[in-house]
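Chemist: Listed in order, the protein sequences are those of chains A and B. Numbering of the first sequence is given in my numbering, commencing with residue 1 and proceeding in unit increments. Numbering of the second sequence is given in my numbering, commencing with residue 1 and proceeding in unit increments.
Derived from the structure by calculation, the hints contain no laboratory data. Heads up, a few of these hints could be off.
[Said to hold, decoys possible] Looking from chain A toward chain B, a few residues come up when the C-beta cut is under 7 Å (computed): (1) 28; (2) 35; (3) 65; (4) 82; (5) 101; (6) 106.
[To be verified] Within a straight-line C-alpha distance of at most 25 Å, the following computed DSS-like cross-link-like pairs (lysine-lysine) qualify: (7) 329/B to 88/A; (8) 44/B to 172/A; (9) 3/A to 329/B; (10) 174/B to 172/A; (11) 88/A to 340/B; (12) 168/A to 3/A.
Note that the coordinates shown come from a computational prediction; the quantities given were computed from them, not determined experimentally. Here a beta-carbon is modelled for each residue, glycine too, at the ideal position from N, C-alpha and C.
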Amino acid sequence: MKKYNLIIAGVGGQGVVMAGNIIGEAAMMTGYDVKKTDTLGMAQRGGSVVSHLRIADKVFSPLINQGEVDILLAFEKLEAARWSHFLKPSGIVIVNNQALAPLSVNLGSEQYPSDNEITRIIGHYTEILYILDGTNLAMQLGEVKTLNVLMLGCLSHFIPFTSEIWRKSIVKNLPTKVIDLNLNAFKIGIKEIKDMIDRKTRNKND
Amino acid sequence: MTNTLLLSGNEAIALGAYHAGVKVATAYPGTPSTEILESLARFKDIYAEWSTNEKVAMEVALGAAYAGVRSFVAMKHVGLNVASDPFMAAAITGVNAGMVVVTADDPGIHSSQNEQDNRNYARLAKVPMLEPADSQEAYELLAYAFNISEKFDTPVMLRSTTRISHSKSVVNAKVKRKIQIAGSRFDYDLSKYVMLPANARIRRPRVEKRLLDLTEYSESFPFNWVIEGRSDIGIVTSGIAYQYAREVFPEASFLKLAMTYPLPRKMIHRFAAQVERLLVIEELEPFMQEYIQAMGIKVIGKEFTPRVGELNPDIIAIAGRRTGLLPEKEEEKLELKTQKLPNRPPLLCPGCPHSGIFYVLSSLGQRSILPGKKARQLKFVITGDIGCYTLGAYPPLNAMDTCACMGAGIGQALGMEKAGIAESIVALIGDSTFLHSGITGLVDAVYNGGQITVIILDNRTTAMTGHQEHPGTGITAQGKETCAINLELLVQGLGINDVKTIDAWDLKMLREGVKGALSRPELSVIIVRGACSVRASKHINPRIIDKKLCNQCNLCLMIGCPAIGREWEQVYIDASLCIGDACTLCQQLCSGKAISS
Numbered sequence: 001m002k003k004y005n006l007i008i009a010g011v012g013g014q015g016v017v018m019a020g021n022i023i024g025e026a027a028m029m030t031g032y033d034v035k036k037t038d039t040l041g042m043a044q045r046g047g048s049v050v051s052h053l054r055i056a057d058k059v060f061s062p063l064i065n066q067g068e069v070d071i072l073l074a075f076e077k078l079e080a081a082r083w084s085h086f087l088k089p090s091g092i093v094i095v096n097n098q099a100l101a102p103l104s105v106n107l108g109s110e111q112y113p114s115d116n117e118i119t120r121i122i123g124h125y126t127e128i129l130y131i132l133d134g135t136n137l138a139m140q141l142g143e144v145k146t147l148n149v150l151m152l153g154c155l156s157h158f159i160p161f162t163s164e165i166w167r168k169s170i171v172k173n174l175p176t177k178v179i180d181l182n183l184n185a186f187k188i189g190i191k192e193i194k195d196m197i198d199r200k201t202r203n204k205n206d
Numbered sequence: 001m002t003n004t005l006l007l008s009g010n011e012a013i014a015l016g017a018y019h020a021g022v023k024v025a026t027a028y029p030g031t032p033s034t035e036i037l038e039s040l041a042r043f044k045d046i047y048a049e050w051s052t053n054e055k056v057a058m059e060v061a062l063g064a065a066y067a068g069v070r071s072f073v074a075m076k077h078v079g080l081n082v083a084s085d086p087f088m089a090a091a092i093t094g095v096n097a098g099m100v101v102v103t104a105d106d107p108g109i110h111s112s113q114n115e116q117d118n119r120n121y122a123r124l125a126k127v128p129m130l131e132p133a134d135s136q137e138a139y140e141l142l143a144y145a146f147n148i149s150e151k152f153d154t155p156v157m158l159r160s161t162t163r164i165s166h167s168k169s170v171v172n173a174k175v176k177r178k179i180q181i182a183g184s185r186f187d188y189d190l191s192k193y194v195m196l197p198a199n200a201r202i203r204r205p206r207v208e209k210r211l212l213d214l215t216e217y218s219e220s221f222p223f224n225w226v227i228e229g230r231s232d233i234g235i236v237t238s239g240i241a242y243q244y245a246r247e248v249f250p251e252a253s254f255l256k257l258a259m260t261y262p263l264p265r266k267m268i269h270r271f272a273a274q275v276e277r278l279l280v281i282e283e284l285e286p287f288m289q290e291y292i293q294a295m296g297i298k299v300i301g302k303e304f305t306p307r308v309g310e311l312n313p314d315i316i317a318i319a320g321r322r323t324g325l326l327p328e329k330e331e332e333k334l335e336l337k338t339q340k341l342p343n344r345p346p347l348l349c350p351g352c353p354h355s356g357i358f359y360v361l362s363s364l365g366q367r368s369i370l371p372g373k374k375a376r377q378l379k380f381v382i383t384g385d386i387g388c389y390t391l392g393a394y395p396p397l398n399a400m401d402t403c404a405c406m407g408a409g410i411g412q413a414l415g416m417e418k419a420g421i422a423e424s425i426v427a428l429i430g431d432s433t434f435l436h437s438g439i440t441g442l443v444d445a446v447y448n449g450g451q452i453t454v455i456i457l458d459n460r461t462t463a464m465t466g467h468q469e470h471p472g473t474g475i476t477a478q479g480k481e482t483c484a485i486n487l488e489l490l491v492q493g494l495g496i497n498d499v500k501t502i503d504a505w506d507l508k509m510l511r512e513g514v515k516g517a518l519s520r521p522e523l524s525v526i527i528v529r530g531a532c533s534v535r536a537s538k539h540i541n542p543r544i545i546d547k548k549l550c551n552q553c554n555l556c557l558m559i560g561c562p563a564i565g566r567e568w569e570q571v572y573i574d575a576s577l578c579i580g581d582a583c584t585l586c587q588q589l590c591s592g593k594a595i596s597s
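Only chain B is shown next, with the shape it has when bound in the complex:
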């Protein structure tokens, strides 16, 4: 019996894992992977957790696999950088029960700090890589992934991309979940699980043998298949690129691969021998292309499609015409985009608990520029990292100077101080990010006598990815109450004396707090606390502007609040957006007292 559903790639991955009998699932939120664990957490007969970070998520999943139950861990592409240490260890110890590692890559950098092709991690770790081309495949591949993991005693990677994760397509799903017969049990085995050099040296050649066995297996992997078409063009492709290529070259022959590491050598040789011109269409790196070239086969790929950014059918079609694989089009009138339309970058929300502290940093740091005014000399450095608060880098706030990766701001701030720059340094970090990877940086600052100011923006959630719980919220991924980490006690416990907690919407206290911390030659921590406004259930007394009292100073626009607009040179507040009594930042700022409820 099957059930027909319209599922996103992420939902399909989750359902596939569930039906394959997963018992322990872990993740740290990160676009485009977040919805996978959110979907899995709804099944109450499995254990699902938001882990502190991806490294811990990998370790928890690995422990579960060692203990004999099918385990699953999901993260975005850069999450695997964080988790790479236990991941590489898992590759050498092997697993016992099946373990699947999902990486959701972000070609085109829709919501990330970089673009990286995580198929390279499969090659690095010498573990198999599966790549679904739509939700149906994502669903079905999960069952294979667990089986391969157990058969070859290896973690199995499954790579999605933003376009797979966030596209919905039809899935025929079997209704029943595979019941795991074997219960959990840890078989003590030093030679397998304790990677002392003596043991690791013995396991190391097994990894090579496993890779050869997997290569043989890939020849008959049922999701690697040939579509026989015209013999003049043969296309090797995988994932979402397959879908685009089918649109652009409907009559070509295809070698469609769902297992992209290790690649099926014999299958590729046979396919190449049957076609006149061999083409690889793949997103990002020439991963398959270089492998095929190394086999001594003539093939084009990245000479044809770009290495940078997301592909789409248009890009492939244009490349096809340019290289003479497709007939010329009479006119290429695609872009009239010469007219410049204003962009609509994402913003901090109305009533955002980050707005007040950003406004204070922006004004103290001489960063805000009123309409018609000139930029001034910036006063102190603000290091930051990943979260909603990265949006504070945009005008009008302009209040972030660095953003590299999760947790980086604190270490960077210390590095700048040790480099000896003249300015003071403020490091900004969110609550979820602080717990993810900020703590170790702060420990380093304590240990090495840093005198930076660290501001923890505690909005009581992981906001940017859509409000996931974290160790500071007191709620688990499956909705159970738990101990909430107390940030004040944690920070004080590190030995920091100058710790203050300030209300996120109290401009006066925020200003005094920042000024005070910057003036003291010691390590200071300010915890700015206020729950994310998107979660505010009621908007009481939205603010209004009395036009008669408004002197058009435009200062309220400098908060960057989407509820405050300007029409015909007059500032107004959109009552449907303003969160009212819970915020009042603009009212606190208005010198002419033109703003009231």
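If we strip away everything but chain A, and leave its shape as in the complex, we get:
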């Protein structure tokens, strides 16, 4: 069995914890051992949120070492940069192209890093970077809160859980009335990542 070390990062309110729960349950249903740990800070909203997920035959530490993350799934750009030092050299980064400015930036005491700066920071650790307009895609679906499941659709390309298991875990973790919407978001995520990979391959071949 393969081993996976995942980090999901975002801002309070974006659904990071729920996304981790869905992956964790899916891993368990597939027959893996899994450990997941959330670091939330204090408040309900607005703070940095990061989840570590480890999936293998047997997992001891729920926390992942720096330099050992296979996939970093980031719901916000600054948070992608913040946790990129955990990536292993060939690690994969999937980033939602959204900037949520911390209050210190709005008040003018700190600066939000430019796109170039963010790409440079991530590029220091890996070349495999996928950026998608997840927030816009989720809004087109009519519910921005589906962002987390849409991002899971992207992630699913790299983790061999069956689509039936993903579906089961989504159904188990979300309230009934939003399940169809989220299953749709999941599909859009799958399509997005495939398109991005295709574009990358074409660019390489050109």
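Please build the complex by placing chain B on the supplied structure of chain A, with the hints as guidance.
Modeler: Structure of chain B alone, referenced to chain A:
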């Protein structure tokens, strides 16, 4: 038959307690322990309550144990400070039916005012301490905890940490709950339950005897075990540190302990004799290390891992390389973190009922600093304590000067007044915190003629820990309607004449209220009332800023509302975050009338 579940440590503790036949469960919310009672309260065939505070929670659980049913009490590490008086009493009276005390420590200070290692309370009270290393152990240890409690007539501590409580892992749970055969019954026994000196003196030596018996028991405790590996390094460890140590030293020998007080002396001697170098890997204090050293065994521990903060595999690996226990790594390129990324501290939420009063205190107290402006002389002291409102200490509000522990602000304010400082003093306290431990401070201020201003921020919930009910909300932990404590009547009942209630989103009234209270030389109480905005179901008419009318004064940014942002020097409101009609603070503040619905 078993059931495979993915549970957090807190959920596993709750399920373990339930399956072990707990009948009465109590707690006061506190990160990282809160979800334990929340999970237990969902079982309708037990009694679960949010208690007024941890001391009361401990007393209720103790009463239940005296009366012959298995009882359970959970709290965060500092909660045990509050509950330490009845806890120490429970240690000497013993229990009758099993009683488990869960302490959830917070190494790394993720969400607390300090860092403390509550294993020390086990030593202080001379009661057993169990430490699970993951959710499965947490689940299974609960059954043992109750059995030990009954066998040795002692409360049993179970210590979690943030990393155990808030990590999910796979649990194989038995499906059936143990049915308690004996019903509730209180056996009158003065010599056991009435700790008059004459009785306490007789019980005191029994506590020592019990500790010796427990030490003997720990030798065969099934969750204390040895993993035989290489003989050059032997590691004694427990809890989450065990998981990290297994990652970093996969081939070492381990003495993995789940009962960390009292420690199994013979087992440790045997293990130490089998390995060349003995190492203790434990989070926070050298608790096991000092015990082992006192046994005359050569061991290293805190020379190796830090005493401060949370451990992780990286920290242990670096320590291992530094001390030559692990081979050197060619390059240590871990940190490129030299670039400074803006931090994202937690904020008061959009439409928070604390924002208005904080803005008023901040502007009256000359605390807010507009972009590009200089800091001014602060005008009055604001003492505070623990809750969402502690976030008011952050910019742009800068409106809190002290935060020590639950309920501390009122006593501190009185102390400053009695010390004779020149400034006026305002004490801020939340509704849940006021009921938890603010009342006694206020009684003291009445009794001793204090002239401070106390502001009770009544958001109708325990917000910071995720919206738990409390005695002021009229709903119990299990969702039943009950009498809601009336704060106005309570405060007036103490003999305070100057009591005002003000709407949390009425800036004008808030400003007048604070100014008035500060100008009157008497004890004043202002109750600022407004339900927590996270619970607002509908966001009606989010506000927008008319760029043509906006004069870029940036005053609206001084509320610290996360819905108000600034891009290219222009302030805007994020319609998806703004709660609209229910708040309107920014609209009330805008002199150019640029903000409307």
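Chemist: Would you mind marking each hint as holding or not holding in the structure?
Modeler: For each hint, the structure was consulted:
1. 28: holds (5 Å)
2. 35: holds (5 Å)
3. 65: holds (5 Å)
4. 82: holds (5 Å)
5. 101: Holds, about 6 Å.
6. 106: Holds, about 5 Å.
7. 329/B to 88/A: holds (15 Å)
8. 44/B to 172/A: Holds, at roughly 22 Å.
9. 3/A to 329/B: Holds, because 23 Å separates the two Cα atoms, which is no more than 25 Å.
10. 174/B to 172/A: holds (21 Å)
11. 88/A to 340/B: holds (21 Å)
12. 168/A to 3/A: holds (22 Å)
In summary, the structure agrees with every hint in the numbered list given earlier.
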